[in-house]
Every structure is written in C-alpha cells, then in structure tokens.
Amino acid sequence: MPYPFWETDVGYGPLMAVIAVLHVFVSHFAIGGGLYLVVAERAARAGADLQRLAFLERLSKFFVLLSLVFGALSGVMIWFIVGLLSPAGTEALIRTFVWGWAIEWVFFIVEILAAILYYYGWKRLSARRHMAIGWIYFVAAWLSLVVINGIVTFMLTPGAWLETGEFWDGFFNPTYWPSLVMRTGICILLGGVFAVFVAGGHADRPSRLRIVRGAALWGIAGLLISAAGWLYYENVDVLSQKAFVDVAERLVLPTMAVEYMLIAGAILAGGLLVTGVFAPGLQRRPVGFVLLIAALMGFGAFEFYRESVRKPFVIHGYMYANGLRVDRVEAGAEESLLESIAYRTGDDGRDLFNYSCRSCHELEGYRAIKPFFDGTDKDYITGALAGLHAMRAPMPPFAGNAEERAKLGAWVAERVDTRPLHEIHRLEGLALGRRVFEMRCGSCHVRGGHGDVTETFEDFEAEDIDEVLSDVEMSEEMPVFSGDDKERKALIDYILSWQAEAAR
Amino acid sequence: MIFLALPDYDVLPAPLWLVTLLHVLTLTLHFAAMGCLFGGMLALFAARLPGGLENPNARKLVKLFPTLMAATVTLGVAPLLFAQLVYGKVLYSAAIVSGWFWLGVPLAAMLAYACLYAAAFTKRGPARVRVWLLLALAGLVFVSVTYSSVFSLAERPEAQKTHYAGDTSGMVWLPDVGAWIFRWLHMLTGALTVGGFFLGVLGRKDEAAWSKGKLLFTLGTGAAFVTGMIYLLTLGDVLAPFMRSAGIYSLTVGILAAVVAVPLYLMRKLVGAGVALGLGVMGMVHARHVVRDVRLEGHFDAKAIGVDPQWAVFALFAVCLVIALGAVAWMLRIFFKADAEQAA
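Chains A and B, in that order, are what the protein sequence lines are. Residues in the first sequence are numbered from 1 upward in steps of one, following our numbering. Residues in the second sequence are numbered from 1 upward in steps of one, following our numbering.
Derived from the structure by calculation, the hints contain no laboratory data. On a predicted model such as this, the values are computed, not experimentally measured, just so you know. All C-beta atoms, glycine included, are put in the ideal place defined by N, C-alpha and C. Misleading hints may appear alongside valid ones.
[To be verified] Quick partial rundown of chain B residues pointing at chain A, CB under 7 Å, derived from the structure:
id : residue
1  : Pro56
2  : Lys60
3  : Val77
4  : Leu81
5  : Ala83
6  : Ile96
7  : Leu103
8  : Gly166
9  : Ser169
10 : Gly170
11 : Pro309
12 : Gln310
13 : Ile334
14 : Ala338
15 : Ala340
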C-alpha cells in the first residue's frame, strides 16, 4: 500500500455517492438532451414553428450551462475523489486505459466547444450550420460515453483481460454492449422527460400540447431502448457466475435496486403515455417533475445495482474495494500487511483497520461495524476476522498475518462494548440465546439463508452443541465460542429450541 | 478463485518520452488558457480602463471569461491525466494528505465558472459584474494556491510522511510556505504576463487598452523573471543537479523566448510575440518538470517504470485527435466567419 489513507469521518460511500450520482445524471442528460435539441430544432425549423424555436433556444441555454458548468466539472470532481478514496484502483485504471481516457478527452474538447458555439450561435449562424454544430455536439458527447462505458463496465466484468492484460479485452468486456445500449436509452429518456417537464410550464396551450407530445414519444423511445438494454444486460452470461449470484443473494441492495428500476419504468411508461401522448393537457410542471424524479430514480437504481453486484471488488476478480489485489490477499496468511503500508500513523491497529476495512466501514457512523461487535469480545473479533469472507456480506478476506489479525481484533475490541449481552440488553433465556446467536454466529450463519446450520443441529444434544462451540477444529474461518457461561447456556437452549420448532 | 498471474499495472502504456512530450504540450496549452483567464482577470482589475467595467474592451473580456474557463478546464484535464499516469504514486499521496483542499479544487472551479457566467450575463450593471468577478477570482486563487501546495508536496515524499503522521484528516496545507510561495508567485506573475498580453491583443485597436496591455505584459514579464529567479534560488540542494540536467537548457530557451516576446509585442508583431511567449511558457513547463524529477531522485524514478506500449490504441487516439482538431477548426471558422458576415 504505497498511499496514505485519508481518514474522513464522513465515510467513503456517502462521499462518493453524492458526487457520482449527480454527475452521472447530468452527463447522461447532456447527451440525450443534445440529441433532443437538434432533432427538435430540425422539426421546428422545417415547420417554421417560431414558438418552438424560441423554446428550444431557452432550453439550450439552461442545458448548455448545466452540462458545461456542472457536468464537466462534476466529472473532474469524480476523478479527483476516486484518486483520494481509491488511489490503487484509480492508478490501475489509468495505467490500463490512459489512451482510452485520452480519446475521451479529445471528444470532450469537441463536445465543450460545440456546446458553447451552439449556444452562442442561435442568431449568428445559418440554420444549417447551427444544426451541424448541434449534431457535432451530440456525436462527440455520445462518443465519450462509448469510451467511458468501456472503462465502467470493465470494473464489473473485466473478462478476458484478467488473463491477457490486453486493452481491447478489457474494453470490449462482456457487459460492454448491453451497457452501451442501456445507457444510450437512458440518455434519450432523460432528454425527453426533461423536455416534457420544461414544456409543461408553457403558457401557450397549442404549442404546449404539441411539444409535450413530441417529447413524450421521445421519452418512450428512450425507455424502450433502455429496457431492451437491461434485458440484454441481465442475461449476459458472466453475470450468472457464482460470484455475482452470490452477492445478489447475500445483499439486499441488488434485488432492491432491480425492483426500483421496474417501479420507475412502470411510472414512466404510464406517465408518459397518459399525460404525454393521450392527454398531454394533463401535463403540467408537477406531473413532469414526478416523471423526472422517476427517471432519475430508475437510473440511479441501475447504478446502485451495478455498484453493489461488484462488491467486494473495485475491479472484479482483480482488486478489492480496499485497494488490495486479489493475488496479494491470497498470500495474506503469511505476509505482513503492516510492512506493506508506506504511510503509518504510529498506531498499528488503526493502520490495519484503515487499510482493511475503512474504505467500506466506519467504526461508528457510515456502515458502522461497532454494532456488529458490541457485546462480543477480543477473541471473537479476532476469530471472526479470519472468516470475514465467509460472512453473509460480500467482503474481502483479511489480508494480514495471524499476529496482525490479533492486533486488529484487540484494537476493535477496545472500541466496542465488550460487556456480555445479558448485561447490555438485560435479556434472559431464549431471547438472550437468540441475541447471542445473532451476534456471534449470525454474521456467517443465517437461518434459512447464507451458511445455514439449522440442519446440522437437527439431532444434536446439548452436549454435542457444547462441543461444537469449543471445537477449535470446526473451521479455520470460524471463531471458537468465547462468550460467558450464561451466554453459552442460553445459546445452546436457543439452538435446541429449533428442534421443537421443527417438530411443530 | 486462484489466478496464477494477474496482469500487472505497474507499467506505462507508452514510452516515457512520448508521455512526457504530451504532458509538456498539453500543460503549456493549459497554462496559456489559464493565463488568459486568471491573468486576464488580474489585468482587467489592474488596468483600470477608462469607464471601468463599462469599457467596451472590459466587456468583451468579461464576456469571454466563461469560454476561457471552459478552455482552461478542458486543457487541464489531459496534463493531469498524464502526470497521474507516471507520477501517480507521489501525486495521489500528496493529494490524499491535503484531501479536503484537493477536493475543493473542482468545487471551487465549478463555483468560479458559475460566477463567470453570472458576470457575463448579469444585466444589473458594473457593480454586480465586479462582485461576480471577484468571487470567481477568489475561487481561482484557491485553485492555484492549492495546486502549488499539493504539487510541491508531491515532490517531497518525506514531507508527505511527516505531515500525514501529524494529521491524517486531509486538512494539511503544506506548512512550509517557503516551499511553494515563490512557485505560486511565479505562476501568478506568469499569468499576469499572459493576461496583459491578451488584454493588449484584444484591445489592439483601442489606445487605452493597448497601452495598458503593453504595460502589464512588460511589467508581468519582469515580475515573472524576478519571482522565477527567487524560486530557482530557493531550490537549495536541488539547484546543482538541476543545473546539470536538461532542464537548464529548456529554462534558458524559455527565458530567451520570453525576453524576445517583449520587443516583438511592443512593435505590434503580435503573432511572433505570441509564438515567442508560448515557447517561453513551454520552456518553463519543461524546466518545472525536470525540477520534479530531480527532487524525487532517490524516492521515485519515472525511468524505472516498465513500458508495455499499446500502439494500436495510441494510434486511434492520434487519429481521433486529428479529426477533432479538424472539427474544432471548422466550427471556429464558420462561427467567426458568421461574425465577419454580420459585421459586413
């Protein structure tokens, strides 16, 4: 780990999410909006529709300012922040794809200049030239998506690159095409919905109805394309690999994200058809606003889906989100993690926590780990660290040696509440037993879910369970029970109660 | 999941000389645009043109600022990309040590950009324009000081470690002001030089603007020379190895070109002066680059990084660049031709 670790209490997830979500919206909108503008300009000019032209000119002002000032600079901001939060991942991506980025930069220059000239050129340029610049804008903007899509999808499905290390293998990876179709659809959708929203506020009724209807059809086309893209995406072979299916089962987020996408899609389809195509008179600003939010929600859900099924990697199968390479971690049990850290704080436990956990967890606050360890003890934590990758949440294995694992365990234990659970929660009997199971077993064994052990205990007597709890040979990845006698007894009773439960 | 041999990213996808060449070229363009913008704002305030911000040339300049900002940002992306490609290890580290300030750079740039548009579009008179401009200027000052601080820190891996050990929250500003203040002042005066140049060119048909531009350009050149020399002297231990490096040649060429630009400009040979000034900036950019290498000696050696060229992708980049430059030229031509047609 050649880089220092930025210790912000804000948490890496929220920092990244805020900036990325806004940027991703605006940048896709900038593409679809651009296409909408030129196509609509052409139609308006062909029909000598002065009102519509005036509308488009106003729209382009807002649009260009938004995509230049916010779109371009929020993109720069993402680049700055990933360098801070994930320097190793960023370096790996830049070293691999720098010429891709250089190509994107070229399109970026054309895009920015075309946007500026389109905006200043309404009165100054002939209709034909003005539209030509509009087209150049759209093509350049879309081409930058064509490039960046290769890099974003690479992170999820690096494909053959993992073996060859070849640029093109990584770039045209298994999710490249579906993602491109889907994102292109989303661009068009966002452009259309936005135009519906703006046009809904028009004073002049006939022109309002006309513009709304056109923009709504536009939005529906985008929706259909993105839906096709999603079906294609979802069915890419790679995504049915165990690693992805596993994550989708272990985390709620991917499933939830897909649900959100479907809901958003339904709202958009219904809303655009009813208030856009059949009864455009109903389309006023508040309705348009709802549609806009639905579009953003659906798109945001897709991004969360993509981000969440990638867990725990930053580059799937290559580098974990904490910047450790997969092959480095495989060697973990022997090698010292601390020795590989160039910037030490002087507190080993803290260094270990930073470089192993803190890109995904704060101790308290963002995705806090304290609650998962309150009521346990140093031995449990140290033992659990050995089985991090066996937990229900997709996590990288701990990458240090045994001594460092003990160090981190002790460090975390000092910062959590290590009183027994019955003292903290004043629980007794089965309630206590259930809690003990949740805290000391539940991270790796979920009843009826991940790592279920219900069946194993089916015909166990109390003594057998007792033995399992003390059995150091159970699994190297499983801590030996280290709670006090009261907790042990309650846990055994609780596990025994499953048998009665099953009998009923 | 065992991969016997995962690809290694500790290689450059092009020979170092090529990356360096692109880096120096694009950084020169970035500094030129930045000089017109940041220096143009300084020059505008320093010039006190008759009529203040109502002066036609002042208005022209204010209307141009947003576009110059777009150019500055766009042209700044590439050199930072190339710098990160090679110097990632030290650059990310320095950025992380100063994390919040670093993150403030694009934020400040975004706000400055918005203020520049507000200044260009406001209909509320010159007092309002001045407020927007000053806000934008404040944003740009923040950006420039942060860059000077972070890039100075990037050249000092030892200092990164000590400052990080003292504060890990990303609130570290390189506390050794002497290390970056002259570097920054040199950038500032350099920007003023370019800004004065730009003001004069823009107002070449107007006596007041032209003479102010001339004055600021000449003064700026002198001030940049002085601050540059002081910065050179503050290099300390690094000075001797720098004098023995290729950097001294580019520095000399740069200084000569910058000096030649002055009489050319005064004689209204604007194209020649512009070329000379550009060459001057490029000389400085390369010298700056060499200083970094010299300072990093013993910590980081760019030449030691393996090279595994991706020629096919590079060729595609080159082709796209040519097409893009064609598109840019065409768009600018029809745009300004329309201007001339309208004027006629």
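Hint check results:
{"no.": "1", "hint": "Pro56", "in the structure": "violated (18 Å)"}
{"no.": "2", "hint": "Lys60", "in the structure": "violated (14 Å)"}
{"no.": "3", "hint": "Val77", "in the structure": "holds (6 Å)"}
{"no.": "4", "hint": "Leu81", "in the structure": "holds (6 Å)"}
{"no.": "5", "hint": "Ala83", "in the structure": "violated (10 Å)"}
{"no.": "6", "hint": "Ile96", "in the structure": "holds (5 Å)"}
{"no.": "7", "hint": "Leu103", "in the structure": "holds (6 Å)"}
{"no.": "8", "hint": "Gly166", "in the structure": "violated (10 Å)"}
{"no.": "9", "hint": "Ser169", "in the structure": "holds (6 Å)"}
{"no.": "10", "hint": "Gly170", "in the structure": "holds (5 Å)"}
{"no.": "11", "hint": "Pro309", "in the structure": "violated (10 Å)"}
{"no.": "12", "hint": "Gln310", "in the structure": "holds (5 Å)"}
{"no.": "13", "hint": "Ile334", "in the structure": "holds (5 Å)"}
{"no.": "14", "hint": "Ala338", "in the structure": "holds (5 Å)"}
{"no.": "15", "hint": "Ala340", "in the structure": "violated (11 Å)"}
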